[in-house]
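Just so you know, the sequences run in chain order A and B. Using the working numbering, the first residue of the first sequence is number 3, and each one after it goes up by one. Using the working numbering, the first residue of the second sequence is number 41, and each one after it goes up by one.
If you are wondering where the hints come from, they were derived from the structure by calculation, not from laboratory data. Errors might be hidden in some of the hints.
[As the list claims (entries may be wrong)] When the alpha-carbon atoms are kept at most 20 Å apart in a straight line, the in silico EDC-like pairs for lysine to aspartate or glutamate are as follows: (1) B:Lys247 - A:Asp213; (2) A:Lys117 - A:Glu279; (3) A:Lys117 - A:Glu363; (4) A:Lys31 - A:Glu60; (5) A:Lys401 - B:Glu284; (6) B:Lys247 - A:Asp340; (7) A:Lys337 - B:Glu252; (8) B:Lys247 - A:Asp434; (9) A:Lys234 - A:Glu248; (10) A:Lys337 - B:Asp87; (11) A:Lys226 - A:Glu391; (12) A:Lys156 - A:Asp169; (13) A:Lys401 - B:Glu251; (14) B:Lys247 - A:Glu370; (15) B:Lys292 - B:Glu55; (16) A:Lys337 - B:Glu251; (17) A:Lys172 - A:Glu242; (18) A:Lys37 - A:Asp417; (19) A:Lys106 - A:Asp251; (20) A:Lys401 - B:Glu55; (21) A:Lys401 - B:Asp385; (22) B:Lys418 - B:Glu441; (23) B:Lys64 - B:Glu78; (24) A:Lys224 - A:Glu242; (25) A:Lys401 - B:Asp283; (26) A:Lys53 - A:Glu242; (27) B:Lys255 - B:Glu284; (28) A:Lys70 - A:Glu60; (29) A:Lys223 - A:Glu259; (30) B:Lys413 - B:Glu68; (31) B:Lys247 - A:Glu433.
[To be verified] Chain A stretches covered by chain B per the calculated footprint, using a threshold of three residues with CB under 8 Å from any CB of chain B: (32) 396-404; (33) 426-437.
[Stated by the list, open to error] Some chain B residues judged to face chain A by a derived CB distance under 7 Å, without partners named: (34) Ser219; (35) Pro220; (36) Asn224; (37) Met225; (38) Val246; (39) Lys247; (40) Ile400.
Glycine included, every Cβ here is placed at the ideal spot set by N, Cα and C.
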Amino acid sequence: MDFEYDLIVIGAGPGGYVGAIRASQLGLKVAVIEKDKAGGVCLNIGCIPSKSLIHQAEVFRSVEDLEKMGAQVDLKNFDYSAVQGESRKAADALSKGVKFLLKKNKIDYIEGTAKITGPHQVTVNGDRNINTASILIAAGSRPRELPGFEFDGKTIMNSTDALMMTDLPKSMIILGAGAIGCEFAHILSAFGVEIQLVEMLDHILPAEDADTAQILARSFKKRKIKMYPGAKASAPTRKEKIISLEIEDKKGKQNIEAETLLVVVGRVPNTEEIGLENVGIETDRGFIPVGDYYRTVVESIYAVGDVVDSPLLAHVATKEAEIAVEAIAGRGHEKRIDPTLIPSAVYTEPEVAGFGFTEEEAVKAGHEVSSAIFPYRGAGKSVAIGKTEGQVKITYNPKTREILGARIIGTQATDLVHELLLARSAELLSEDISKMIHAHPTLSEAIMEAARAAEGWAIHV
Amino acid sequence: MAEKMLMLALSPTMEEGTIVSWNKKEGESISSGELVCEVETDKATMDYESLQEGTLLKILVSEGQTAGVEQAIAIIGEEGEDIAGLLKEIESAALSKGESTADQTAGNIESPAAPAAAPAGGEAIDTSGKETGVSVKQAPTSAAASGPSGENRGTPPPAAEGGSAGVGGSAGNGRIKASPLARNMAAEAGIDLSVLSGSGPEGRIVKRDVEEAMKTGLPVRSSATGMGAGMGKAGALSSTGIDEQHIPVSRKRSVIARRLSESKFTAPHYYLTLSVSMESLTESRRILNQRRTAGGESKLSLNAFLMKMTAEAIKHHPIINASWKEEEIHIFGSIDIGLAVALDDGLITPVVRNCGGKGIIQIDQELQELIRKARSGKLQPEEYTGATFSISNLGSYGIEEFTAIINPPASAILAVGAAVKQAVELEDGSIIFDNKMKITLSCDHRVIDGAAGAEFLRSLKDIIEDPLHALI
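The shape of chain A in the complex, shown without the other chains (with noise of 0.2 Å):
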């Protein structure tokens, strides 16, 4: 049979499009179909225009700087909506860009709402019927909405609403402290806004090592945000502008306020209207199961990125969307992605970047396990820029040598990963990177001294 297409790409996020071009350019004939807007959630509502806010939070944040060094600076006129309104051009521009990739590649870009109707077959806006020989689901998730916490858009808000904003409250109460729970904070409070900073685990990043969440709770008490870790909240009650929250830790009850609530507890697929049932796939918590070149139960039918369960990243999305497309273009040689050798980065100032196994996890899968850690202190270029806050943690086996993780708090921690997560990629050693020539001065250079600290023998401690 003659198919339409060699493959309809569901969803035109950082899985989807990447998949449709790689697709592409191995020689298929692609179409991706978008509800919304081209890019996804990274571009339009996500990383990248938080990353414009975090960006614009630091320049502000430098005052404090300009002020040291004798400059009045009138803050009289500043403007938010200006800020909100750059955040949304760097969005608009990247999203023009994805569309001008998929024309490039000769992609069929086609608005409207997929669902699956047949192994192979797509209906977009319940009246069109597309075939196509292979399907790949990169539908995306959205907000997880916590019952009595109805997000409003206004007062009770989830991290959309939270980037559209465009006028500042006075205080907020942040309820989540994973990534996009402490980079709100981050940001809000560098312009000014009063943060309370809830979490249910132990500690703030809970997805982070305890050593490195501490260093960043540090940070974030010196800068007046407050967090209760350990804390459960009740619904939220309203009082005029005052929302209240009922919060319970291990001290007892309390009642914290603010005129804005932001709930940031978790991300939910979207795999409920995709049309699953017709093709007999079952969703697991919402997630769709996957098996090697993250294929479905239904031959033609891969998926990846957020509707499937592994880490909700954007280039954990690109990467499952590159390996599903080889397979399905005859050319599938990885069959998953090594869960530890995913980089995760969390763009609050310090910065926050890791992979692979934090000490505890190492130890519960059974390694052997040794940690060196480099503070920032000891390079001088922190010094020099006034930003010693921070340190290199590298967990290693103390047999093998084998580098099982690495944790990075401090500025441009985001950046530094790499060389640590190239080297356990290509399995180096502590002693490869001890004996590499850093430059001077640079931050790099902690994680060299880091990896000597691992072979005993670090220079500036």
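Using the hints provided, position chain B relative to the given structure of chain A.
Positioned in the frame of chain A, the structure of chain B alone reads:
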């Protein structure tokens, strides 16, 4: 005019040498007497100083490779000179000889631990190296030839091939591509990387390949045991907790093995044992050393005493200090005694020259210095070859008596056991406890007849039991 630079015999016993490192690169100029490369000989690492002058045009034997004495290791000449003719000549010489002592021919296998591939059936395989442009046919190495009656039932390990997933993760030039972690783990488990297939990028051997090999076992290259490939398992953990290993034989170990077998199989050994009372010597040594330590001097070793006393006994029986030379028996004029010293990777017998003409203190000083050098691998050939007699002392391990293998060119070796308290019946019927030590003399019967050996041993006993004897 371009000429060959040959592997030189850097020690009297050297038959081949392994290039440890090249101190000169191709294109660099060399003046006479300049250090060109370091060569591991049978017992030490030696500097190779050039006898020639010119520009180093081509290195033929790269680091880690072995070349026989007189084999060309490089070409030296004038810059830009055409050496194609010379290369051809070297190539055809190697071909017509039908053999090459090079362990690893032109392809430079990076892992020095990788033993040579031993082709089965005595068939030569062509491992011509693209890098040097020299094609060398490799004949079966002695390892392969030593299989039971020339039969090697094992399958030959596949020759390393270029290409992405070749065995040994080898790149086109024979270098083994493996991640540092995989190298580490393979070394730990005693796995030869050159037999693994790499599943990493471009055929690189990565952790999972080594893990897989450890789990499933894998064919191992045959080693000097003559066992065919595929018969052993490497890295498989046995229930004893001992990691099964195949240790490549070092140059040193292979020389020791050859020389000892040669001695044991050609010299008809016989052994004479007797007990000597150590009371007198122990007491004299104790008093002497007490005095020395009080004076801030070091203690004299028992071995120095034994060497001196042996030399004195030899003076009365020169035939003990002699060598079988087929046409003649060579009685040496100097008594040069070698003492077997255990090293981590073998053994060596540093020689104290002219023990007959030296006192115990001097012998001890020279001995300690030689032992120090031996342990740090600095002993020079003239310091460990040509012993006219040897002593091996295992007394410190509690060994009561043993027989030793004669160390050529000598014809006898003395094996010294531990001193043990023994009850002895005296002539009057009373019983005393004496400190007895057993010494065993191994003799080459071609040189030393039984009676001669016995008389020497008797003299030695007398001297040890009554040190004054030495003065008479």
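These are the hints, each one checked on the structure:
For the hint linking Lys247 of chain B to Asp213 of chain A, the alpha-carbon distance of about 29 Å lies beyond 20 Å, and the restraint is violated. Between Lys117 of chain A and Glu279 of chain A the CA atoms are separated by roughly 10 Å; this keeps the pair inside 20 Å, and the hint holds. For the suggested pair Lys117 of chain A and Glu363 of chain A, the alpha carbons sit about 39 Å apart, so the restraint of at most 20 Å is broken. This hinted pair does not check out: Lys31 of chain A and Glu60 of chain A have alpha carbons roughly 44 Å apart, beyond 20 Å.
A hinted pair counts as satisfied when its Cα atoms are at most 20 Å apart, and Lys401 of chain A with Glu284 of chain B qualifies at roughly 19 Å. For the suggested pair Lys247 of chain B and Asp340 of chain A, the alpha carbons sit about 13 Å apart, so the restraint of at most 20 Å is met. Restraint check for Lys337 of chain A and Glu252 of chain B: satisfied, since their Cα atoms lie roughly 18 Å apart, inside the 20 Å limit. Under the criterion of a C-alpha separation no larger than 20 Å, the hint pairing Lys247 of chain B with Asp434 of chain A is consistent with the structure, at around 16 Å.
The straight-line distance between the Cα atoms of Lys234 of chain A and Glu248 of chain A is roughly 8 Å, inside the 20 Å bound, and the hint therefore holds. Between Lys337 of chain A and Asp87 of chain B the CA atoms are separated by roughly 53 Å; this puts the pair beyond 20 Å, and the hint is violated. For a cut-off of 20 Å, the pair hint linking Lys226 of chain A to Glu391 of chain A stands: about 17 Å separates their Cα positions. Between Lys156 of chain A and Asp169 of chain A, the direct Cα distance comes to roughly 10 Å. Compliance with the 20 Å bound is thereby established for this hinted pair.
Restraint check: the Cα-Cα separation between Lys401 of chain A and Glu251 of chain B comes to about 15 Å, which is no more than 20 Å; the hinted pair holds. Proximity of Lys247 of chain B to Glu370 of chain A is assessed by CA-CA distance (about 16 Å); at most 20 Å being required, the pair is judged to hold. Restraint check for Lys292 of chain B and Glu55 of chain B: the C-alpha separation of about 12 Å stays at or below 20 Å, so the hint holds. For the suggested pair Lys337 of chain A and Glu251 of chain B, the alpha carbons sit about 19 Å apart, so the restraint of at most 20 Å is met.
Taking the CA atoms of Lys172 of chain A and Glu242 of chain A, the gap is near 15 Å; set against the 20 Å cutoff, the hint holds. As the CA atoms of Lys37 of chain A and Asp417 of chain A are separated by approximately 33 Å, the hinted pair breaks the 20 Å bound. Between Lys106 of chain A and Asp251 of chain A the alpha-carbon distance is near 55 Å, which puts this suggested pair outside the 20 Å criterion. With a C-alpha separation of about 40 Å, the suggested pair Lys401 of chain A and Glu55 of chain B falls outside the 20 Å cut-off, and the hint is violated.
A distance of roughly 24 Å separates the Cα atoms of Lys401 of chain A and Asp385 of chain B; the hinted pair therefore is violated under the 20 Å criterion. The hinted pair formed by Lys418 of chain B and Glu441 of chain B fails the criterion: a straight-line CA distance of about 31 Å is larger than 20 Å. Distance check on the hinted pair: Lys64 of chain B and Glu78 of chain B sit about 10 Å apart at the alpha-carbon level, within 20 Å; holds. Between Lys224 of chain A and Glu242 of chain A the alpha-carbon distance is near 31 Å, which puts this suggested pair outside the 20 Å criterion.
This hinted pair checks out: Lys401 of chain A and Asp283 of chain B have alpha carbons roughly 15 Å apart, not beyond 20 Å. For the given pair, Lys53 of chain A sits about 33 Å from Glu242 of chain A by alpha-carbon distance, which is inconsistent with the 20 Å threshold. A distance of roughly 13 Å separates the Cα atoms of Lys255 of chain B and Glu284 of chain B; the hinted pair therefore holds under the 20 Å criterion. Pair hint Lys70 of chain A plus Glu60 of chain A holds up; C-alpha atoms about 16 Å apart against a cutoff of 20 Å.
With a C-alpha separation of about 18 Å, the suggested pairing of Lys223 of chain A with Glu259 of chain A holds against the 20 Å cut-off. At roughly 33 Å between alpha-carbon atoms, Lys413 of chain B and Glu68 of chain B are farther apart than 20 Å, so this suggested pair is violated. With a C-alpha separation of about 17 Å, the suggested pair Lys247 of chain B and Glu433 of chain A falls inside the 20 Å cut-off, and the hint holds. With 4 residues having a Cβ less than 8 Å from any Cβ of chain B, the stretch 396-404 of chain A passes the three-residue criterion, so the hint holds.
Given as covered by chain B, the stretch 426-437 of chain A passes the check, having 6 residues with a CB less than 8 Å from a CB of that chain where 3 are the minimum. A cut of 7 Å between beta carbons decides the hint on Ser219 of chain B: the least distance to chain A is about 3 Å, and the hint holds. Here the hint on Pro220 of chain B is kept, as its CB sits about 5 Å from the closest CB of chain A, short of 7 Å. Given the 7 Å rule on beta carbons, the hint for Asn224 of chain B holds: about 6 Å separates it from the nearest Cβ of chain A.
A least Cβ separation of about 5 Å between Met225 of chain B and chain A falls short of the 7 Å threshold, and the interface hint therefore holds. With 7 Å as the threshold, the beta carbon of Val246 of chain B comes within range of chain A, its nearest partner Cβ sitting at about 6 Å, so the hint holds. Below 7 Å, beta-carbon pairs count as interface contacts, and Lys247 of chain B has one with chain A at about 6 Å; its hint therefore holds. At its closest, the beta carbon of Ile400 of chain B sits 45 Å from a beta carbon of chain A; the interface hint therefore is violated under the 7 Å criterion.
The structure is inconsistent with the numbered hints 1, 3, 4, 10, 18, 19, 20, 21, 22, 24, 26, 30, 40, although it conforms to all the rest.
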